[in-house]
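Peer 1: Chain order of the listed sequences is A, B, C, D, E and F. At position 8 of the first sequence the residue is numbered 8 (this note's numbering), and the sequence of numbers has no breaks. At position 100 of the second sequence the residue is numbered 100 (this note's numbering), and the sequence of numbers has no breaks. At position 87 of the third sequence the residue is numbered 87 (this note's numbering), and the sequence of numbers has no breaks. At position 51 of the fourth sequence the residue is numbered 51 (this note's numbering), and the sequence of numbers has no breaks. At position 65 of the fifth sequence the residue is numbered 65 (this note's numbering), and the sequence of numbers has no breaks. At position 69 of the sixth sequence the residue is numbered 69 (this note's numbering), and the sequence of numbers has no breaks.
Calculated from the structure, these hints are not laboratory results.
Pair by pair, the computed Cβ-Cβ distance ranges are:
#1 A:21 with D:113: 45 to 53 Å
#2 D:133 with E:97: 40 to 48 Å
#3 B:78 with A:138: 30 to 38 Å
#4 E:117 with F:17: 14 to 22 Å
#5 D:21 with C:64: 24 to 32 Å
#6 A:133 with E:141: 31 to 39 Å
#7 F:76 with A:98: 18 to 26 Å
#8 B:76 with C:98: 13 to 21 Å
#9 C:137 with A:98: 46 to 54 Å
For clarity, every value in this text was computed on a predicted model and none was experimentally measured. Glycine residues also receive a C-beta, built at the ideal position from the N, C-alpha and C atoms.
There are 6 protein chains.
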Amino acid sequence: MQIILLIFDKKIEMNIEEQIKKSETRQVKVVFKNLINDHNTLFGGIALQWMDEVAYITATRFCRKKVVTTSTGKINFKNSIPYGTIVEIIGKVAKVGAVKLEINVQIFTEEKYSSLREKAVEGNFYFAAVDDNNQPIKLLD
Amino acid sequence: MQIILLIFDKKIEMNIEEQIKKSETRQVKVVFKNLINDHNTLFGGIALQWMDEVAYITATRFCRKKVVTTSTGKINFKNSIPYGTIVEIIGKVAKVGAVKLEINVQIFTEEKYSSLREKAVEGNFYFAAVDDNNQPIKLLD
Amino acid sequence: MQIILLIFDKKIEMNIEEQIKKSETRQVKVVFKNLINDHNTLFGGIALQWMDEVAYITATRFCRKKVVTTSTGKINFKNSIPYGTIVEIIGKVAKVGAVKLEINVQIFTEEKYSSLREKAVEGNFYFAAVDDNNQPIKLLD
Amino acid sequence: MQIILLIFDKKIEMNIEEQIKKSETRQVKVVFKNLINDHNTLFGGIALQWMDEVAYITATRFCRKKVVTTSTGKINFKNSIPYGTIVEIIGKVAKVGAVKLEINVQIFTEEKYSSLREKAVEGNFYFAAVDDNNQPIKLLD
Amino acid sequence: MQIILLIFDKKIEMNIEEQIKKSETRQVKVVFKNLINDHNTLFGGIALQWMDEVAYITATRFCRKKVVTTSTGKINFKNSIPYGTIVEIIGKVAKVGAVKLEINVQIFTEEKYSSLREKAVEGNFYFAAVDDNNQPIKLLD
Amino acid sequence: MQIILLIFDKKIEMNIEEQIKKSETRQVKVVFKNLINDHNTLFGGIALQWMDEVAYITATRFCRKKVVTTSTGKINFKNSIPYGTIVEIIGKVAKVGAVKLEINVQIFTEEKYSSLREKAVEGNFYFAAVDDNNQPIKLLD
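So that you can see chain A by itself, here it is in the shape it has in the complex (with noise of 0.2 Å):
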């Protein structure tokens, strides 16, 4: 985060991380029927659906101010989904710039009758902060 430390001083960087930990958003599911593509796994569409929610929502909690998606980052699929798998959908914040805000989540399947767990899916989003007319405006005050 030495972007950080070179723009802000001390005071508001430990807001910042305290911030960046807060806004930290997690969801849970289970891969359901009406979710699987015709490969009986999770439709790669519904992944990604997932992970833009969650990192709307991250970016909404760690600036509490409207923010649209601008574009996202290279997305691997690194593991197919299989039907029936718990998942857990995980946003952070990444990087702090003075408009740009970039998340970074990832996409974990579990068995469900094992603990077993691994990263299926990871990408970056990125966001700006805008106001009623959709104008951008800074990320933080």
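Guided by the hints, dock chains B, C, D, E and F onto chain A, whose structure is given.
Peer 2: What follows is chains B, C, D, E and F alone, placed relative to chain A:
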């Protein structure tokens, strides 16, 4: 957790305490337009659906067996949940019987542009562990 | 219905009996694949959502005022509901208080290729009538 | 029902009349925000989906065999269905042929805060009974 | 399109031909598990919903006015649509009246692992152009 | 498409060009209320879900084999997509490797009551062809 103290020795109990901690389940969501009733607040039925899913995951994570909902207790809708708020649904193991598992589920609302947070809905869900023929089995081996 | 006998004269009571009869609400559905959990039975959360919608309509039809769910009583899942069966959700006014309305909701399952029918789920839902500021008002004028 | 009189003896006919009465199917719903088009009225496609589900259940309840929709007749949208109204979809057997079943489906709207009720949509759906290889079979044995 | 020839001069007609060509609308989808009935084929009601949405877009693109579905003609389900196939829904303007627009909609199925393609469903949908008070207006100025 | 020139002879290449043309996939939709976020614009996650479905169909149509999403590239949300607009999602094969297929997906918005059309979202999706055990296989035989 007196019941547990009576029926299990120290070592098992500690595992249980740990299992209870590990099985806590959280789901954070935003109340979008496809989830609201015609009073512009979260449709109660959706809240119940979320609570049941979170309770089901919590119960599964606790005993790592096939579980089924057998009943709910009284569920209180303390506050209505307005359109656009962030909600967090939290499931925790409340009581462990020989064949019956009590899961407490709470829904908290969080204003998007402040960090005000209050409890909106709370209730208990009861689960039994079953074998492949849906016959009840012991929760813990 | 003693309560009613005490608080209303004969004529109003008869209207109420008629209103109760008129407000009975039925919803027949088929359990399709987008509604089932990973045990191939109806996801309990969907059953609760259906029950709340039917209860809400029954309550609205009874008092023709804006109503909100205030709580549920114990809800029993007597039998699981297999994929592919027909279900009928029935809502009836069970008790009329001054400001609190009790709606009983039952779910019956019906085999598609026989006429076997049995009760699967039952519970009560409680409603209050509210004004436009969501302040409680009398159920009946 | 002349057709029936010609092809069945008195006793069977009475069973049919009874089957027709028993197979009548009702579904009451509220038009929530996830069901409306961009004119704030019920999306016509959702109305058609509800009608087909109700018709399918009515047909299944009548002959207790696997049935498939073969066609619809003209479907009239007499009145648009505003957001927030209660709707009741009613399916009834209209005609029983040797291999073709005609189901009449009507949608009525009901104002939430009055008991005004009027027909909004009406149409017929046609079904055939089929065996496991989807080959047409007799409706009645 | 004789009707058109009679009621419009050459120049307008050409615009219409061009508008008809431009307004053709295509929607390609895959039949996932959340869309199938309990015979493992596409739920007829979903097919009707898709057809209505495509017809609505085609009609809107043609006259660029607020349109409402007034009725459908006979809709034929020639072949059932198996789970996992690709389907293409195609909407085309079939006839242009003074106040009534006829849209023809076809659903084609396409095998995923061959290029076999055949028509599965076909029907016509009728639309009227309306003003903000839902009063019928001319389709073309 | 130099890569292709290097690895395939003229005849195959022409088939590929034809396959690419044939596999182009279009999905036209209207942004209804069940699809929007709490800023009254299309929920970004829904846009990603649509793009993945269109990319998946394009990839399947191109190689007629079982394909899985392996990753996405950067996805740009150039313009937000307002409630009520028509959108067209277009998928095209962008690059054909030995085992990796790049699909470009664009979303265009179209005003309902004019023909104004502009690009709103764009990104690339990457697919691999796999056998029944989800082991990677050649895209083309």
